[in-house]
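Position chain B against the provided structure of chain A, taking the given hints into account.
Sequence lines, in order, name chains A and B.
Counted from 1, the first sequence has number 312 at position 312 by my numbering; the numbering is strictly sequential.
Just so we're on the same page, my numbering is the position in the second sequence counted from 1, plus 1000.
Among the clues, some could well be false.
27 Å max Cα-Cα, derived DSSO-like pairs, lysine-lysine [to be verified]:
hint, chain 1, residue 1, chain 2, residue 2
1, A, K262, B, K1365
2, A, K80, B, K1310
3, A, K80, B, K1252
4, B, K1069, A, K376
5, B, K1167, A, K80
6, B, K1104, B, K1014
7, B, K1252, B, K1167
8, B, K1333, B, K1365
9, A, K243, B, K1226
Just so you know, the hints here were simulated from the structure itself, not pulled from any lab data.
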Amino acid sequence: MSDRLYPESEAALVAALRETAEPLQIMGGGTRPIGNIAPAQILSTSRLQGITLYEPGAMTLVAKSGTTIEEIETVLTAEKQRLAFEPMDHRAILRTSGHPTLGGVIAANVSGPRRIQVGAARDFALGVTFVDGTGQVLSNGGRVMKNVTGYDLVKLMSGSWGTLGVLTEVALKVLPIAETQATLNVHVATWADAVACMSAALGTPFDVSGAATVQAEDGGFDSLIRVEGFETSVQYRVTELTKRLAQFGAVDVVHDPWAEVKDLSAWAGLDTVWRISLRPTDSLKLIALMQELNQERGFHCQLDWGGGLIWLGLEAVQIADAQAGLALHHAVQALVAQLGGHATLLTSDLLRDQELRHFQPLGPAIERVSQTLREKFDPRGILNPGRMS
Amino acid sequence: MEMPQPNSEILSKKAKIAAALRAVLPYDAVIDDPSETRAYECDALTAYRCPPMIAVLPSTTQEVSDILKICHREGVPVVPRGSGTSLAGGALPTADCVILGVAKMNNVLETDYENRLIRVQSGRTNLSVSGAVEEEDFFYAPDPSSQLACAIAGNIAMNSGGAHCLKYGVTTNNLMGVTLVMMDGEIVEIGGGYLDAPGLDILGVICGSEGQLGVVTEATLRILPKPEGARPVMIAFDSNEVAGACVADIIKAGVLPVAIEFMDRPIIEICESFAKAGYPDCEALLIVEVEGSEAEIQDQLGRISVIAQKHNPVELRQSQSAAESAAIWLGRKSAFGAVGQVADYMCLDGTIPVSALPEVLRRIKELSEHYGLRVGNVFHAGDGNMHPLIMFNANKEGDLELCEAMGADVLRLCVEVGGCLTGEHGVGIEKRDLMEDQYTAEDLDIQMAVKDVFDPGWLLNPSKVFPLSVSQSRRAS
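Next up, chain B with everything else stripped away, as it sits in the complex:
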């Protein structure tokens, strides 16, 4: 993965820049000792590492503004960072950058149950947003797998999803407003406690812009009353195709579960040996979760069972207790960790039309055989968001490159069948060089023109999202 050469002129000004930052921040909020900046050398895409020049940890919007003014004046690239859980390298530093971490900014600023919203500082973790409204039986709906650790700032940057977005939508559908600090330090309020934009939907383009348009320091989020209950059913099939057809039939029948998760044989086996969830011996497993009162749950699960029975499942098991529900989910939720126990892996997140599921699974299997790398598939089937996990051995020479090549082929396949490179993880550096497979030069140019408006000097997270060759002239200007 190529990254631009660090700017030696900026590196030579390191002491001056650190001093300027210390003038506006508490002493310990500026980290410039190479032994300490190393803590920020990567995010959850650990294959790529580069310590930043300096890391700063502001506590307020005003401090963020002060930092950006200094960096703007000195022409220093800034890489915003939430909790560093990006799987796409969204928070990967360059050697000449300032990492701006929002982790200290984790306060709840306002909870308003009457209007069903919460306002938080953006460093607050996803799960702790729900935690803050739990006692009134509310929750924040987007639930990325990393929700224990990931920050709202990163959720907004990547427009994160989760297992339950089939019903509740992703971040952009639950985000009402932000406080944004522009690269020149200007603080701007966008949206708030009301719905929809007064003019152009600027909030809509901020969400998912991967920290390239501004730094989000505060967010107004929609909160929802918790459902009375939720329960999964587990349905096992002897082929991926049949499982895929069952998903389509459930959706067509008008039952809208909150989640439909799909696991294929390699993942089922790995998860079962790791979590002992009691998964059956089968080719494909669906976990379908519904919500509501006890009677509503029974009614919906009954309808789903009728549909599933038409596809001759190997097994169909309705959870009978909270413990059983937890066991069913445990296997699924520990999938990434379980695979990590048996191999190094790369997690992709291309999205495809649900109808293309059988074809894509078949062709991923062919690619797996061609490259000689094992692949497991675990994903959100209701919305076609795939998560192929390509397993490799990081200690074996050439294996990472082989895995990357196969990953690129899988993502090109997703685009070819009418899907996209990334459904919820973001482009970052990981899929940056594949953008031309999805978009024309003109399509990419208009996106970059949007960045030009917010950050004309291309100082915010500049080496991400767009292929370096495509953004070269802008970054150099």
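For reference, chain A alone in the conformation it holds in the complex:
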């Protein structure tokens, strides 16, 4: 066998899984090499291509797992619809090439800034077909908006990083593209003001669809607040939000910054990046920890989801050595464990060869349940073994 398998049909994928005796690395477009990746033969879904159904009037799209996000977005845009959870493109910060696929987005539950308003990738997945570790083709969910028929394995498959099965087809809910958007930039002095500002915005009835904060060049912070909808409505909400957020700092309307916020394209040169999910106000505790541990060398930070999603980044010069990097990693995961949440090491050249948990370690009961679930779906342990550790 070659070192890569590219089945072109579900049947070929089934055959490949049945024939293999060794673990496989399951891959879509290969743009998200996150987690603990053991060297193994690659099984790629990238040739399982094609949109099998698209009904704009029903807001439903079904496609094979290897269909590129680019193709899906092109087709949706023609009907003025979109993937509302705006999946992040990881290629910049992970320095990968290739094309992100639908299967990859669902397997990694990849969302973007609008997650705070409309939900995550997992909330838009209506149905899945996948092949489990024994080569069985299984389906769950369907193509309709509401479905409580049996257990929701669509959620379980979303974000399971190919460890439970190899996705072959996904049905998605799609939404209309808003007529227009506007983004306010509230220039605040501290991280605490930023979190308070985003909280205040999200606590208004103005349907905020993005609330992120980036470090500004002058040492302050830009809290970005997005509203979307019909022109008159957007104008109205911009006016109302401006009034209410002025207490936090100077407010401007800025050009659409969300592609950069979503993809962290400005962080392409960083050595190490963590992605952390916390209760939004707890983000300040994590920032305080970083300030304490890495004060002299500094660090990069971006908040999204009103503060609930924290991106931490380090340039190579901001870490003394692998030992120091490892200590930071453990300190971050320890604080996050204590607060409730999760921290994932997305990428790190410096820590590449270190033994560590890329994903947040789980409590003993959830760990046991997760392992037992994997044994049921993949009794031979051949699907991305250890990937989520």
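Showing chain B alone in chain A's frame:
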């Protein structure tokens, strides 16, 4: 509806089990007198009844854990119960079971407006969750019709929806975390005040698992700021097909109302004579609700009117006042009660692709004629979640069976056109035996394998969701 034979060995241990439960619970939290257990003999699917062996009403997570440990040790089946409003028989007891009711567990544990969440005990009713955050102008979005009575525990078990989920999603999209007690009594925290799972999305599979994986005692729920205002428009058509086409056009135009409700002629007539909502004489009626500021509401309703006018509506009436809005909704919200005044009925909730609406309505009408049973349709059209109400006479011999047979045909029709058996009520016992029409044996087996992980002895709500013949070997083990 077949239920497994009660286990005589368990029944013979009733006194011992009750005594063990009384050792860990206040005396009045254990109900074992047959005259009192009768109160738990059914849920809102009243056609099926069976008093449980014992009912328990714990007040804390620890008490739930203690109860489950005892039942686990003694091999007693446990049927969790929220408020007993399931339309699918989700809380129907067996004669040898312990009913675990969470009704006493109704406290608010934490409200956090800054982070837009609330943590409650799971016995709290849906509407009172919104009630707890109302003074700060927040609300909890999922709004099942039974929201005055139904408990969050049941909402999580069934992944309940409601009229407004077109915009806000269903329970699973608004649930951030739970405290789950496993069948062996272990207490587990899943999720919390943060978004998305650290590992496998266990929370996602707990939600909608019909009380078969564990007992949810506490829940962290997302709360949202209330919109500034909301208003419906009522649009009447002279055919179901045209109304269906109008729904698709509204969605395609990029207007995303918070609700699009659909009623057909039988329901319009019954509701009108019951609620006097001022509904016009027509074949199909849409109630479309939008939210926002006054200007935003006017703007959206204007766009919807333009779309609707292209379909030559019989009447289009924008609500001009709060009273008029209330009247428009009153008819819709009293639909089930109004039908209940004129007949016994069975409420189905199959979901179909919106595009299949005209075909499905036509074929339901044919089935209605074939079975000689009247059917009314009232449903959430935006997401294709049908609610055919099949009317029958419970006092007429054979009518219930006829109604069940017709209901099964309607649900098979939903599956045939690409939909599913249940959109928001759950499988319970009601749709249990139709699961093989939607799923292959392998698809069902992997779902049952998930239950094996959480509840290897199949003691939690064991006779639901999966056809008895399919789950037989697992339940017997």
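Worksheet item: Taken at face value, is the distance from the CA of B/K1365 to the CA of A/K262 at most 27 Å?
Response: It is violated: about 49 Å lies between the C-alpha atoms, which goes past 27 Å.
Worksheet item: Are B/K1167 and A/K80 close enough, with their CA atoms no more than 27 Å apart?
Response: Given that 27 Å is the threshold and the Cα spacing comes to 18 Å, the pair holds.
Discussion item. So if I understand the rule, the pair passes when the alpha-carbon distance is 27 Å or less; does A/K80 with B/K1252 pass?
Written reply: Between A/K80 and B/K1252 the Cα gap is close to 8 Å, so the pair holds against 27 Å.
Practice prompt. Take the C-alpha atoms of A/K80 and B/K1310, compute the straight-line distance between them, and say whether it is at most 27 Å.
Written response: The hint holds at about 20 Å.
Discussion item. Just to be careful, I want the Cα atoms of B/K1333 and B/K1365 compared with a cutoff of 27 Å; is the pair within it?
Written reply: Roughly 23 Å between the alpha carbons, so the hint for B/K1333 and B/K1365 holds.
Discussion item. Between the alpha carbons of B/K1252 and B/K1167, is the straight-line distance 27 Å or under?
Written reply: Holds, because 15 Å separates the two Cα atoms, which is no more than 27 Å.
Worksheet item: Are the Cα atoms of B/K1069 and A/K376 separated by 27 Å or less?
Response: holds (25 Å)
Discussion item. Against the 27 Å threshold, does the CA-CA distance of B/K1104 and B/K1014 hold or violate the hint?
Written reply: holds (23 Å)
Discussion item. Hint check: A/K243 vs B/K1226, CA-CA at most 27 Å. Holds or violated?
Written reply: Holds - the C-alpha atoms of B/K1226 and A/K243 are around 19 Å apart, at most 27 Å.
When held up to the earlier numbered hints, the structure conflicts with hint 1 and nothing else.
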